[in-house]
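Peer 1: Here is what each chain is made of, one letter per residue.
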Amino acid sequence: GAVVSQHPSWVICKSGTSVKIECRSLDFQATTMFWYRQFPKQSLMLMATSNEGSKATYEQGVEKDKFLINHASLTLSTLTVTSAHPEDSSFYICSARWALVYNEQFFGPGTRLTVL
Amino acid sequence: GNSVTQMEGPVTLSEEAFLTINCTYTATGYPSLFWYVQYPGEGLQLLLKATKADDKGSNKGFEATYRKETTSFHLEKGSVQVSDSAVYFCALTPYNNNDMRFGAGTRLTVKP
Numbered sequence: 001g002a003v004v005s006q007h008p009s010w011v012i013c014k015s016g017t018s019v020k021i022e023c024r025s026l027d028f029q030a031t032t033m034f035w036y037r038q039f040p041k042q043s044l045m046l047m048a049t050s051n052e053g054s055k056a057t058y059e060q061g062v063e064k065d066k067f068l069i070n071h072a073s074l075t076l077s078t079l080t081v082t083s084a085h086p087e088d089s090s091f092y093i094c095s096a097r098w099a100l101v102y103n104e105q106f107f108g109p110g111t112r113l114t115v116l
Numbered sequence: 001g002n003s004v005t006q007m008e009g010p011v012t013l014s015e016e017a018f019l020t021i022n023c024t025y026t027a028t029g030y031p032s033l034f035w036y037v038q039y040p041g042e043g044l045q046l047l048l049k050a051t052k053a054d055d056k057g058s059n060k061g062f063e064a065t066y067r068k069e070t071t072s073f074h075l076e077k078g079s080v081q082v083s084d085s086a087v088y089f090c091a092l093t094p095y096n097n098n099d100m101r102f103g104a105g106t107r108l109t110v111k112p
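So the protein sequences, as listed, match chains A and B.
Counted from 1, the first sequence has number 25 at position 25 by our numbering; the numbering is strictly sequential.
Counted from 1, the second sequence has number 55 at position 55 by our numbering; the numbering is strictly sequential.
Simulated from the structure, these hints should not be mistaken for laboratory data.
Warning: the hint list may mix true and false statements.
To be verified - Straight-line distance between alpha carbons at most 30 Å, and here's what the computed DSSO-like set of lysine-lysine pairs gives: (1) A:Lys64 x A:Lys41; (2) B:Lys68 x B:Lys56; (3) B:Lys111 x A:Lys41; (4) A:Lys66 x A:Lys14; (5) B:Lys77 x B:Lys52; (6) A:Lys41 x B:Lys56; (7) B:Lys77 x B:Lys111; (8) A:Lys14 x A:Lys55; (9) B:Lys60 x B:Lys77; (10) A:Lys66 x A:Lys20; (11) B:Lys60 x A:Lys41; (12) B:Lys77 x A:Lys41.
Please model the complete structure; the sequences and the hints are all you need to start from.
Peer 2: Rendered as structure tokens:
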């Protein structure tokens, strides 16, 4: 149980376009979902935290208008990278928290974004 | 604030060698502690966890003990295999808090 999926697993887009990444909890209802960014050979950096039906809370330095997060249901959160540029190229990982499991997050497999 | 300090890599070992990756933390109260493993091009997989002092997490031959007195959660394995080559992340979640903090990650390479 507690499986999180992400779609797509990789995406290549042109500079200036927008890209949407989906994060789904497949077999549980996620009270909270998180979005992380990981640069090559670096650790995960928390971008934002989202609760179903409310606005996401962004970490300091993360542009809200660039990284749009929508947590439409207890099983789906989306991250839209708007007007993407090459510096947005990165590995994006989502995670979800399940109320039945104390203090743990379940991670998706990640999405590799390359902006040309 | 809450933070995790992890032994810097990369670490290169021969097959069947003993592995230790050090991890210390700073947190108020009693955080939950985790080790995650990341294989190339993949997301994070939970390796083991401990939620209170003196707990020992174990999985696939890996072990880590939650030491409150030394604020540590060192990862150990008695005999590594080539398939253990990956990046290992130590992480914590503060008590009753969503916010997970990660160490910098340690890249392990095991040579045959």
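Peer 1: So, for every hint listed, does it hold in this structure?
Peer 2: Each hint tested on the structure:
no.: 1; hint: A:Lys64 x A:Lys41; in the structure: holds (25 Å)
no.: 2; hint: B:Lys68 x B:Lys56; in the structure: holds (12 Å)
no.: 3; hint: B:Lys111 x A:Lys41; in the structure: holds (20 Å)
no.: 4; hint: A:Lys66 x A:Lys14; in the structure: holds (16 Å)
no.: 5; hint: B:Lys77 x B:Lys52; in the structure: holds (21 Å)
no.: 6; hint: A:Lys41 x B:Lys56; in the structure: holds (28 Å)
no.: 7; hint: B:Lys77 x B:Lys111; in the structure: holds (15 Å)
no.: 8; hint: A:Lys14 x A:Lys55; in the structure: holds (28 Å)
no.: 9; hint: B:Lys60 x B:Lys77; in the structure: holds (9 Å)
no.: 10; hint: A:Lys66 x A:Lys20; in the structure: holds (12 Å)
no.: 11; hint: B:Lys60 x A:Lys41; in the structure: holds (24 Å)
no.: 12; hint: B:Lys77 x A:Lys41; in the structure: holds (23 Å)
Taken one by one, the earlier hints all hold for this structure without exception.
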